[in-house]
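Undergrad: Residue numbers (UniProt numbering), protein chains in the order written: chain A, 1 to 225; chain B, 1 to 225.
These are calculated hints, taken from the structure and not from any lab test.
Model, not experiment: these values are computed from the prediction.
Misleading hints may appear alongside valid ones.
Where chains are identical, the list cannot tell them apart; a pair therefore holds if satisfied intra-copy or between any two copies.
[To be verified] List of simulated lysine-lysine pairs, DSS-like, C-alpha gap at most 25 Å:
hint, residue 1, residue 2
1, LYS37, LYS121
2, LYS92, LYS63
3, LYS22, LYS210
4, LYS160, LYS207
5, LYS128, LYS52
6, LYS32, LYS210
7, LYS32, LYS170
8, LYS198, LYS210
9, LYS171, LYS52
10, LYS171, LYS63
11, LYS121, LYS63
12, LYS198, LYS37
13, LYS170, LYS210
14, LYS37, LYS52
15, LYS22, LYS63
16, LYS171, LYS4
17, LYS210, LYS171
18, LYS207, LYS170
19, LYS2, LYS92
20, LYS63, LYS52
21, LYS128, LYS63
22, LYS171, LYS32
Each chain, letter by letter, is given below.
Protein chains: 2
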Amino acid sequence: MKLKVYADRMSQPSRAVIIFCKVNGIDYEEIKVHISKGQHLTPEFAEINPMKQLPAIADGRFKLFESHAILIYLACAFPGVADQWYPADVFKRSKIHSVLDWHHSNLPAEAEIILSSSLSKLESFWLKGNGRFLLGGNQPSIADLSLVCELTQLEVLDEKDRTRLLGPHKKVQQWIENTRNATNPHFDEVHRVIMLAKERQQHQRLKAAKNEGGSNMKKPLVSRM
Amino acid sequence: MKLKVYADRMSQPSRAVIIFCKVNGIDYEEIKVHISKGQHLTPEFAEINPMKQLPAIADGRFKLFESHAILIYLACAFPGVADQWYPADVFKRSKIHSVLDWHHSNLPAEAEIILSSSLSKLESFWLKGNGRFLLGGNQPSIADLSLVCELTQLEVLDEKDRTRLLGPHKKVQQWIENTRNATNPHFDEVHRVIMLAKERQQHQRLKAAKNEGGSNMKKPLVSRM
Numbered sequence: 001m002k003l004k005v006y007a008d009r010m011s012q013p014s015r016a017v018i019i020f021c022k023v024n025g026i027d028y029e030e031i032k033v034h035i036s037k038g039q040h041l042t043p044e045f046a047e048i049n050p051m052k053q054l055p056a057i058a059d060g061r062f063k064l065f066e067s068h069a070i071l072i073y074l075a076c077a078f079p080g081v082a083d084q085w086y087p088a089d090v091f092k093r094s095k096i097h098s099v100l101d102w103h104h105s106n107l108p109a110e111a112e113i114i115l116s117s118s119l120s121k122l123e124s125f126w127l128k129g130n131g132r133f134l135l136g137g138n139q140p141s142i143a144d145l146s147l148v149c150e151l152t153q154l155e156v157l158d159e160k161d162r163t164r165l166l167g168p169h170k171k172v173q174q175w176i177e178n179t180r181n182a183t184n185p186h187f188d189e190v191h192r193v194i195m196l197a198k199e200r201q202q203h204q205r206l207k208a209a210k211n212e213g214g215s216n217m218k219k220p221l222v223s224r225m
Numbered sequence: 001m002k003l004k005v006y007a008d009r010m011s012q013p014s015r016a017v018i019i020f021c022k023v024n025g026i027d028y029e030e031i032k033v034h035i036s037k038g039q040h041l042t043p044e045f046a047e048i049n050p051m052k053q054l055p056a057i058a059d060g061r062f063k064l065f066e067s068h069a070i071l072i073y074l075a076c077a078f079p080g081v082a083d084q085w086y087p088a089d090v091f092k093r094s095k096i097h098s099v100l101d102w103h104h105s106n107l108p109a110e111a112e113i114i115l116s117s118s119l120s121k122l123e124s125f126w127l128k129g130n131g132r133f134l135l136g137g138n139q140p141s142i143a144d145l146s147l148v149c150e151l152t153q154l155e156v157l158d159e160k161d162r163t164r165l166l167g168p169h170k171k172v173q174q175w176i177e178n179t180r181n182a183t184n185p186h187f188d189e190v191h192r193v194i195m196l197a198k199e200r201q202q203h204q205r206l207k208a209a210k211n212e213g214g215s216n217m218k219k220p221l222v223s224r225m
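Throw the hints in and build the complete structure from the sequences for me.
TA: Set out below in structure tokens:
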């Protein structure tokens, strides 16, 4: 029976799981659960995940939730997942657990103060050295995927806010780009909903600015004529 | 070289790591870092954990922080740790990751509203069935240890508050007791600092109540004389 992935691509951990499946050629069925429509709160979905959160998976009779636990399970239970994603080496693997746990407590993309200090720590600690990925790696692991998916949630911010937050962190920007390149075309495809949301927001902001700006600008224009 | 555990027994994840070492006969040296004295903020400790948080370990040249990552590392890297603590079976292990990740986002002992709803979920989901431990187990895993250490932080609360919070959750109470019994005498020994803190607080509350009560009660007493 095919792996079932219950996901809403608007949520960052859902995207991480979907990208992981795609990149590693895991045969899965995506079952869309729309948070905005409250579909995660139905009794049917509570059968899959009693905590009513996304993502969740069902692999035959085995059900699992929490995105990090899911990523680790997929890396271990499916043949053909490259060792880079969740190395068998106990030291390397432990460092990945450490990043993922740190991520849990420090990287909610919504809280700006925590985020700002976390971006500094990413830049100065997790991305120190010359590696292209976290922990000095030359290939991405599940930690890169999970954290970058969290950070791309920033895409929906106003360009000005995004630049203010990410601007000072060149290594973080480069690492996001490296992770994106290493997992494309899947990365972009799965993030398409976020980019669409961003475009909608920009459109609304432009419209608002135009209405506002229009009324402000009319006077000088008129006065010059 | 002996494993070094940097810990403050006043902090719940520190206690979980120390108890784990003791229960499993892991030879270690405890290096006390007093948070109340700001010892975790020194440049010396930043060499061990640049995030300046406790607990942290150093096993030879290998350094690690985040308590869940440490528990998993210890379970994997030290011979003689029973399989129950972090089962080799991928399905069992995945469920443990799921609990630990859920713990991260849902069980900060300080936030009462989250805590209350989390206790309900512990009772109705993670402790469902007849098992004496989480996930229906008959022996504790690192998930039991980590969560119970978090919850014993409630010990320092006023008895009334503690009863109000824990009272409705009989299964949770029994599970805390089961985990305590399964890891004693180490559990009690490591929690001694918490019990002492509790006694100090009770003493202060009694003293305050006595003074307050005293001044309130003096008048009627005087009037009766």
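Undergrad: Hint compliance check: list the failing hint numbers for this structure, sorted ascending.
TA: Per hint list: 3, 6, 7, 13, 16, 17, 18 and 22 violated.
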